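2 protein chains.
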Amino acid sequence: MSELIFIGLGLNDEKDITYKGLEKARICDRIFAEFYTACLTGSNIERLSEFIGKEIEVLERKVVEDGQVILDAAKAGRVALLCVGDPMAATTHVDLRLRAFDLGIYTRVINNASILSAAPGLLGLQHYKFGRTITIPFPKEGFRPESPYEILAANKDRGLHTLALLDIDAESDRLMTANQALEVLVNLEERLKKGIVLDSTLVAVVAQAGSENPVVRAGYLCDMMKEDFGPPHHTIVFPGNLHFMEVDALVKLAGAPAGISN
Amino acid sequence: MSELIFIGLGLNDEKDITYKGLEKARICDRIFAEFYTACLTGSNIERLSEFIGKEIEVLERKVVEDGQVILDAAKAGRVALLCVGDPMAATTHVDLRLRAFDLGIYTRVINNASILSAAPGLLGLQHYKFGRTITIPFPKEGFRPESPYEILAANKDRGLHTLALLDIDAESDRLMTANQALEVLVNLEERLKKGIVLDSTLVAVVAQAGSENPVVRAGYLCDMMKEDFGPPHHTIVFPGNLHFMEVDALVKLAGAPAGISN
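Those protein sequences? They're chains Y and E, same order as listed. FYI, this note's numbering numbers position 38 of the first sequence as 93, with every residue one higher than the one before it. FYI, this note's numbering numbers position 244 of the second sequence as 299, with every residue one higher than the one before it.
Please note that a few of the clues may not be correct.
You can't tell identical chains apart in this list, so a pair holds if it fits in one copy or across any two.
What the hints assert, rightly or not - Quick list of in silico lysine-lysine cross-link-like pairs, DSS-like style, CA-CA up to 25 angstroms: (1) Lys-249 <-> Lys-117; (2) Lys-248 <-> Lys-109; (3) Lys-249 <-> Lys-130; (4) Lys-130 <-> Lys-117; (5) Lys-307 <-> Lys-130; (6) Lys-249 <-> Lys-109; (7) Lys-184 <-> Lys-195; (8) Lys-307 <-> Lys-248; (9) Lys-281 <-> Lys-195; (10) Lys-117 <-> Lys-281; (11) Lys-195 <-> Lys-249; (12) Lys-184 <-> Lys-130; (13) Lys-307 <-> Lys-184; (14) Lys-249 <-> Lys-184; (15) Lys-117 <-> Lys-248; (16) Lys-307 <-> Lys-249.
Quick caveat, the hints were computed from the structure, so don't treat them as lab data. Remember, it's a predicted structure, so these values are computed and weren't measured experimentally.
Just chain Y, same shape as in the assembly (with noise of 0.2 angstroms):
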């Protein structure tokens, strides 16, 4: 039995795991986890530990990427990988994968919810309106990317909404809110000025996604920079044109000024 299955955490706590992925991981032979690509911001280790009944080792970024440490385990028995929100969704797990398929180590997936559909839905927002995803990095000595501020602006120039989904630093254990990740745009406005991230540019905001009371707001630039959404993950959604029902989806679950349109 070689075996890697890559079981999806979802987005809060150790109860967001699924039936399935619960059965799974109780008939491992080890099981492993990683909280660099995203955390289980409700949980924490020794919950999801005892919740799961066996003992989980937290793989540091490194012994992920390099992959050796679940490769060796996976070719002599079966070995789950616990991931924060959808498995397939962060690049690394990806590679790990097909390296896993080069060694003949058969590979299975259990799914699970991700940011990337979970926060336009609790916006109430229409996924096929959705143009390409940004994510907004910590700006750093020689890297400030205009990559995500030109998506941003490709997708309103076409009417649609954009999802942006805000970095990790998992070295120091930073991660970016939403308020850090408005600060980057702004700064990118000021210099690119295309006049898409003003004052007045609606934004919306989820955060603490899969909790039981996520917070969902929505309004207007130069208001929600001063919002405090509480603890991350934070996801950011630019809303471009908007459906009647969007409208009132963003005025009555996140609590947008009447009146917006957008």
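Go by the hints and put chain E onto chain Y.
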């Protein structure tokens, strides 16, 4: 207690529900389900009902869209609506949630896997390289929309991947196959002639996502149109420009011919 909980069932069978969803369903006074926006193809209502341990009332499309049965029950107690995939991906459910809001009914969403993120992941394609999602409808007298073809063309033009969801005809209980959907697009190609849906076009198909052995295939359109992908749901992805790891994934995970590059 006036409460309406939208519980995602995930992709394939009764064990794809999350542990949280299962717990919530079990404490509800009444449990409704709808299977017209998507079907739980790897299970049936008897198995689902037995697994949850409660009676489930399956509602027809018109009853869900009308909403009164669900809203009346939710005004009087704690009610679940079970939905395949992630609950808020369907506009009908957003609409129902907004009407519950208007009636002062507390609503809650239990997220789950959606084909929107599962299909790209199973193919090893990177989510941030997807353009707008399209839906291929069954052709009907007087309804042969060109928009799916036009959006596909716009995505291709920008080098982006395109996810295509396939129609469900709930009244006649027909789920569109990938083969039927490709034929719809080939017919549009004959009319609109942009050269984007040709025999040599690379096409990827995911079927039975979430099951023990999902079908994950990629190849040239002329070959794919003749393939049997087994029972629905089928989902199609039209790859745009491919990263070398994506090429590797399509060859290894989806059996694409070596030498693809698009």
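* Are there hints from earlier that the structure breaks, and if so, what are their numbers? -> 1, 2, 3, 6, 8, 10, 12, 15, 16
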